[in-house]
Every structure is written in C-alpha cells, then in structure tokens.
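Since chain P is already given, all that's left is putting chain Z on it; use the hints.
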Amino acid sequence: MGLLARDLNSGMWIGFDSMKRVYAKEEVCIGCRLCEVACVVEHSVSKNPVKAFKGIKPRPVPRNYVDEGGPLSFSVNCRHCDEPLCVAVCIAGAMTKDEASGVVKHNAEKCAGCWSCIMACPYGVVRVEQGKNRVVKCDLCDGRDTPACVQACPNRALVFEDR
Amino acid sequence: MNYVIIGNGAAAVGAVEGIRRTDKENPVTLVSHEPYRAYGRPLISNLLSGKIKEADIYLRAENFYEVRGVRPLLGKRATGIDLEKKRVFLEDGEAVAFDRLLIATGGIPFVPPIKGKDGSGVYTFTTLDDANKLAARVDKMKKAVVVGGGLIGLKAAEGLNDRGVKVTVVELADRILSSAFDRQAGDIIERRLREVGLEIILNDSVAEIVRVRGRVKGVILKSGERVESSDVVLAIGVVPNKAIVEGTRIITNRGVLTDEYMETNVPGVYAAGDVVEPTDLLLGQRRVTPIWPNAYIQGRCAGMNMAGERKSYGGSIPMNSIEFYGVPTVSIGVSNPPDASYEVRTSGDPAENVYRKMVIKDDRLVGAVLVGRIEKAGVLTGLIADRVDVGAFKDELLEGDFGFVRMPVETRKRILAAVR
Chain P
141 MGLLARDLNS GMWIGFDSMK RVYAKEEVCI GCRLCEVACV VEHSVSKNPV KAFKGIKPRP
201 VPRNYVDEGG PLSFSVNCRH CDEPLCVAVC IAGAMTKDEA SGVVKHNAEK CAGCWSCIMA
261 CPYGVVRVEQ GKNRVVKCDL CDGRDTPACV QACPNRALVF EDR
Chain Z
18 MNYVIIGNGA AAVGAVEGIR RTDKENPVTL VSHEPYRAYG RPLISNLLSG KIKEADIYLR
78 AENFYEVRGV RPLLGKRATG IDLEKKRVFL EDGEAVAFDR LLIATGGIPF VPPIKGKDGS
138 GVYTFTTLDD ANKLAARVDK MKKAVVVGGG LIGLKAAEGL NDRGVKVTVV ELADRILSSA
198 FDRQAGDIIE RRLREVGLEI ILNDSVAEIV RVRGRVKGVI LKSGERVESS DVVLAIGVVP
258 NKAIVEGTRI ITNRGVLTDE YMETNVPGVY AAGDVVEPTD LLLGQRRVTP IWPNAYIQGR
318 CAGMNMAGER KSYGGSIPMN SIEFYGVPTV SIGVSNPPDA SYEVRTSGDP AENVYRKMVI
378 KDDRLVGAVL VGRIEKAGVL TGLIADRVDV GAFKDELLEG DFGFVRMPVE TRKRILAAVR
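These protein sequence lines are chains P and Z, in that order. With the first letter of the first sequence counted as 1, position 55 gets the number 195 in our numbering; the numbers rise by one all the way through. With the first letter of the second sequence counted as 1, position 38 gets the number 55 in our numbering; the numbers rise by one all the way through.
Bear in mind the hints are in silico, worked out from the structure with no lab data behind them. Because the structure is a prediction, the values reported are computed rather than measured. Every residue, glycine too, gets a C-beta built ideally from N, C-alpha and C. Check each hint, because a few of them may be wrong.
Footprint (simulated), chain Z over chain P, 3 or more residues, beta carbon under 8 Å [stated by the list, open to error]:
hint, segment
1, 209-220
2, 225-234
3, 250-261
Cut-off 30 Å, straight-line C-alpha distance, at most; resulting in silico cross-link-like pairs (DSS-like, lysine-lysine) [unchecked claim]:
hint, chain 1, residue 1, chain 2, residue 2
4, Z, Lys132, Z, Lys239
5, Z, Lys93, Z, Lys41
6, P, Lys187, P, Lys197
7, Z, Lys183, Z, Lys134
8, Z, Lys93, Z, Lys183
9, Z, Lys70, P, Lys197
10, P, Lys250, Z, Lys150
11, Z, Lys68, Z, Lys102
12, P, Lys245, Z, Lys68
13, Z, Lys150, Z, Lys160
14, Z, Lys183, P, Lys245
15, P, Lys237, Z, Lys150
16, P, Lys250, Z, Lys70
17, Z, Lys183, Z, Lys132
18, Z, Lys328, P, Lys237
19, Z, Lys430, P, Lys165
20, Z, Lys328, P, Lys160
21, P, Lys250, Z, Lys68
22, Z, Lys150, Z, Lys239
23, P, Lys160, Z, Lys41
24, P, Lys272, Z, Lys68
25, Z, Lys68, P, Lys237
26, Z, Lys157, Z, Lys183
27, Z, Lys70, Z, Lys132
28, Z, Lys70, P, Lys272
Looking at chain P on its own, in the form it has when it is part of the complex:
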C-alpha cells in the first residue's frame, strides 16, 4: 500500500495494494486465545506473560479479539484499510495511515478518547484501553517480520499474507 499506479486503460491512478495483512481461518481456530496473549505480551514492557497480565492493572487489552460462540471461534484483526475510516473520523489526528508501510498507526499521546474510531471501524478492532481515556489498536507488531499473534497460533488459524 502507499503505492499508486496508472491504470493503462483508463489513465486513472489506482491504489496498488501490496501489503501483508493478518487473516483468520475460522475452520481451524481452536479458540485458545493464544493470539490475544501473544499480543498483550508483545506490547508489554516486560515481555513476560505473567507480568504482562498480572503485573498491570487494569489488565491490558489485546489489539485483536477472538469472537466466540458455541463451537465457532476466530480472531478478528485490524485490516489496515486502504482508505481507513478510523483515520478519516479521528478528530485528534491520532490515527494515521503510514504511506510507506500501509500500517494504520495510533498515537496514544494525541488520542482524545472521543471513540469516533470505535464508532467507525467496520471490523470492531479499535478498543478502549481499560482505565485510560484512549484507544489501542494493532500496529502489526512494528519491527517484527511476523506479527506475534500469527506466530503464536498453534493451529495456523492466523496467516500473514498479501491477498
């Protein structure tokens, strides 16, 4: 993403999507929520699962969520949209789309806690940071080749690929 190319037929500029994203396979998800654990640990200071969950109150919120009902479960992850609505509606300028990487980033310092992004995101993946007047969202584990949630999945129900 961030790249644009001219469509040879119309001469129009078109978005040129070349970004890896996290997709879930509900058929093989076992609902273990290790993806959520891995996310919290990755974004913790300690990088230790016990300290990350028990040492911080209120408990940190993962940036993905496992939607679960009966035998069905799957993780829902930020799509890092080409035209992200969370960025469009942000009144504080806290949400941005990185033009080089395509990652939709959130600047916690700027967040005003207005919840406009929660209202707008069609995937429901922007979440309130418990106990704080701000949101958290997926950063695709900035600096990692494979996001922690994908790496942690024991049944390959999460894939990181360019579709």
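Just chain Z now, with coordinates in the frame of chain P:
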C-alpha cells in the same frame, strides 16, 4: 493546474490529503479566516474544560502544509468568487487564481434574534477563539446559561461545569439530544448531567437576555421564569456557511448542492463539509448533517476527484460518538424512526446507564443507539452502510457483545475478507 481550498477544517484537510493521493505536484492554496493551523474542532470543549492544552488541538503536524505542498493563507477571509475569471478574492484585495476550487467554509452558529444578545457576556461555541474567550472569562463567571441541549450545547455546559461554573441548560424540546439520540438515551444522559450538578430546563426557550448597564444579569424564559446568570452561551446548532457562493450561479438549497463526486453545478467547483447539503444515505433525500466524519470523508472524496480520480461519495450517515461523565454513547443513522414501518428493538438497563436500540427496516439495519457499552459499534455502522440483510440475526444485534460470530457464515466471511 491550481487548486484552491476555502476553509481549513476537516473537509479542507481531507481535500488536501485526497488531492495529494495522486497529484504530488500542482500547487494548492488554502484560505481561512481563522489564523490557526487546522484543529480538531470538536476538541474545543476539551480545551475549555482543561483536559487538553492548545498545543494538543491541532489535527496534523506543524509542517503539514509544507510537506503537502500547500500554501496556507491563514487569517485571511475569502470574500467572493468570480466563476468566469476563476478567481477567489480575499479581504486584503488579493485575487487567487484557481482551476479547481473547493468550498469548505463549514457551518456558522445559528443565532436566534433574542433581545439582548448583542454585547459582552454572550458567546457561541464552535471555534478555537470561542473556546479561548470562554476559558479566559471562566474564573469570573458566576453562573452561565447555555441555550441549546444538543451536542454543542451540552459539551459547552460540560466544559464550563468542569471549570467550576454553575450551568443551566435551556432546551426547547422536551428532552436533550433530541436530534442525534432517542428519548431513552437522552434521559440517561440527562440524569447523569444532573448528577454532576448541571441544571436542565426543558420545553422552554430564552425570550430575553437581561442586561443592567450593559452587563448580562440573567435570562427571561418564554415561560416567564427568570434565570440569573453572568454569561450566556448560544449553542443551538450550526447552519451552512454559504455566504461566499450567494449571488453566484452555484446552486444552493439549505446548503451548497453537489453531485455524488462533490462537484457543484459549476464544473471544477467542488464543495464539502458542513456547508454542503448532501444526500442522506438512509433517507434517500438531501439533508444537512454537520458532523466531523462526513466532513472529512466528503473533503477527501472531493480532493480525489479534483485531482482526476473518480470517487463517488456514497451518501451521509449521521453518526455521533460522545461521552458525558463516564457514560459513552454512540448513535448511528436513524435513531428516531419517522413512522411505524420501522422495527425497533431495545435492550439494556437504563438504571445502570446501559441501553441498546436497533432500528430495522425491510431486514436492513438503518439505525443504532448505544449507551454505556459501545465496543464494536463500528460493526453496526458497517452493517448499516453496506445495507447488509440482518433478517437472520435481529435478536443478536441487541446483545452487548454482538459481533461477527453471530452473523451467518457467508455474511461474516464477506465482510472479514474485504479490505476497505
């Protein structure tokens, strides 16, 4: 190719970013009578209350205009447009040539002809200057009357209350937040606001602002009641600020009219944001919906089209996200259905400040109101915008944790596979 943008709010920023998606070269000139960089207008209540500092209100980095190749003419008012010669005139006499023009002049506060409104002690609340004026006065303010119990009025009231001012809100309707929210949601918020000390008067309006030797001493209501106050904030709402196109051949109704590409009837002249009267996606008719998300999205869409892309603006969905003293609320689409053809379902516990309402028509979700629990609200917004058939999971919509798992497999897979 010269781009000119009149305005510097959400729509204008959206337009700059929309233009620069594809056109990295041609000059953009942006004119605004406000002498500030673009700021998050709804944040003025946070500024008034002291939750944020002025440095935190700006929407983009300080070098935004420079990086995007925009020449900002800030603090200069555009006074007229010559559509034939393609010039925008500024108050200092400068004429700015354009090939593509965007009118993004926003809204202006609606000020009713109340006796005594002119003079010191009476304010509006839509700009950074308004907020700073109120903030500078707040220590000497004994008691304030806020006229209007909608979003702007209540946010002004909250800001003043947070600064220790005793506030009375006067609302003409029989409930607060009557346009964006429904009665139950309004009642919950009203109760919460009374708990924190606001006085709210419904079914009444201000007939006169009483002045003694020029100073505001209070207001007299239509009912005859008198409310003491040292200051009055007029916050009834905003109307399209379309003065600059009046007398031109640009067609207006209540706001400026555009096609789905945000272009007016004059080729090369676009309009976006609160100045526009766009088509309401759900009602299928034109309706002024002065809200931030629509302004940015319209501006971005206009900018893309100004630069030669072909992007349709789907239509507006009214939506508001607003929190009052720990009670978050969201309203999307039709919150008050106009007739019995709409199916209404509710859940929650209003006594616990939790409430959820779904408005459905022909198996399509057309409106939602959420109070207390707002997580995943955007999933509902997506269902509304995409006109998804919700016939198979109407009851599930009322669950506080409603999500994709409760949708039929084809529906959820279609949504989750897509990248917007």
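Hints versus structure:
no.	hint	result
1	209-220	holds (count 7)
2	225-234	holds (count 6)
3	250-261	holds (count 11)
4	Z:Lys132 <-> Z:Lys239	holds (12 Å)
5	Z:Lys93 <-> Z:Lys41	holds (25 Å)
6	P:Lys187 <-> P:Lys197	holds (16 Å)
7	Z:Lys183 <-> Z:Lys134	holds (20 Å)
8	Z:Lys93 <-> Z:Lys183	violated (37 Å)
9	Z:Lys70 <-> P:Lys197	holds (27 Å)
10	P:Lys250 <-> Z:Lys150	holds (24 Å)
11	Z:Lys68 <-> Z:Lys102	violated (47 Å)
12	P:Lys245 <-> Z:Lys68	holds (23 Å)
13	Z:Lys150 <-> Z:Lys160	holds (16 Å)
14	Z:Lys183 <-> P:Lys245	violated (40 Å)
15	P:Lys237 <-> Z:Lys150	violated (35 Å)
16	P:Lys250 <-> Z:Lys70	holds (11 Å)
17	Z:Lys183 <-> Z:Lys132	holds (23 Å)
18	Z:Lys328 <-> P:Lys237	holds (19 Å)
19	Z:Lys430 <-> P:Lys165	holds (10 Å)
20	Z:Lys328 <-> P:Lys160	holds (25 Å)
21	P:Lys250 <-> Z:Lys68	holds (12 Å)
22	Z:Lys150 <-> Z:Lys239	holds (28 Å)
23	P:Lys160 <-> Z:Lys41	holds (26 Å)
24	P:Lys272 <-> Z:Lys68	holds (13 Å)
25	Z:Lys68 <-> P:Lys237	holds (26 Å)
26	Z:Lys157 <-> Z:Lys183	holds (12 Å)
27	Z:Lys70 <-> Z:Lys132	violated (35 Å)
28	Z:Lys70 <-> P:Lys272	holds (18 Å)
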